Amino acid sequence: MPTTIAQIKEKMEDQIGSKITLVAQTGRKRQTEHTGVLSELYPAVFVVDLEDADHSFDRVSYSYTDILTHTVEVEFL
Numbered sequence: 000m001p002t003t004i005a006q007i008k009e010k011m012e013d014q015i016g017s018k019i020t021l022v023a024q025t026g027r028k029r030q031t032e033h034t035g036v037l038s039e040l041y042p043a044v045f046v047v048d049l050e051d052a053d054h055s056f057d058r059v060s061y062s063y064t065d066i067l068t069h070t071v072e073v074e075f076l
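Numbering that gives the first Met the number 0 puts the first residue of the sequence shown at 0, with every later residue one more than the last.
Honestly, the hints are just simulated from the structure, not real lab data.
The structure presented is a predicted model; accordingly, all values stated were derived computationally and were not measured.
Ideal placement from N, C-alpha and C gives every residue a C-beta, glycine not left out.
Incorrect hints may appear among the rest.
Beta-carbon label-pair distances, calculated as ranges [stated by the list, open to error]: (1) Asp13 to Thr64: 17 to 23 Å; (2) Gln6 to Phe56: 26 to 32 Å; (3) Phe56 to Ala5: 26 to 32 Å; (4) Val22 to Asp57: 27 to 33 Å; (5) Lys28 to Ala5: 29 to 35 Å; (6) Thr3 to Lys28: 26 to 32 Å; (7) Arg27 to Gln6: 15 to 21 Å; (8) Gly26 to Gln6: 26 to 32 Å; (9) Lys28 to Gln6: 27 to 33 Å.
Using the sequences and the accompanying hints, generate a full structural model.
Here it is in structure tokens:
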């Protein structure tokens, strides 16, 4: 697992357009899991276009610090 934000960004730049699974901590003992495609990278956040039809939203964005602090776990498929 990358240990700096720069390493996280570098690893994600190589994976733009790839299928991705996200597990996000949403509170006390709660998690949400999303599957989608890594679509865009910005200086502070990344955007995932979701494939799940049961959600009321099409995209989610998270910051690189969420990965660094293990609030979000990313798995490339």
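Taking the hints in turn, this is what the structure says about them:
Taken as a hint, the range 17 to 23 Å holds for the pair Asp13 and Thr64, whose Cβ atoms sit roughly 20 Å apart. Take Gln6 and Phe56: their Cβ atoms lie about 29 Å apart, and the range 26 to 32 Å holds. A beta carbon spacing of about 29 Å between Phe56 and Ala5 agrees with the range 26 to 32 Å that was offered as a hint. One distance hint, 27 to 33 Å for the beta-carbon pair Val22 and Asp57, is violated here, with the actual separation near 19 Å.
Range check, Lys28 to Ala5: Cβ separation about 32 Å, and the 29 to 35 Å hint holds. Distance hint check for Thr3 and Lys28: the Cβ-Cβ separation is about 29 Å, which falls inside the suggested range of 26 to 32 Å. Distance hint for Arg27 and Gln6: a CB-CB separation of about 30 Å, inconsistent with the stated range 15 to 21 Å. For Gly26 and Gln6, the Cβ-Cβ distance of about 28 Å falls inside the hinted range of 26 to 32 Å, so the restraint holds.
For Lys28 and Gln6, the Cβ-Cβ distance of about 29 Å falls inside the hinted range of 27 to 33 Å, so the restraint holds.
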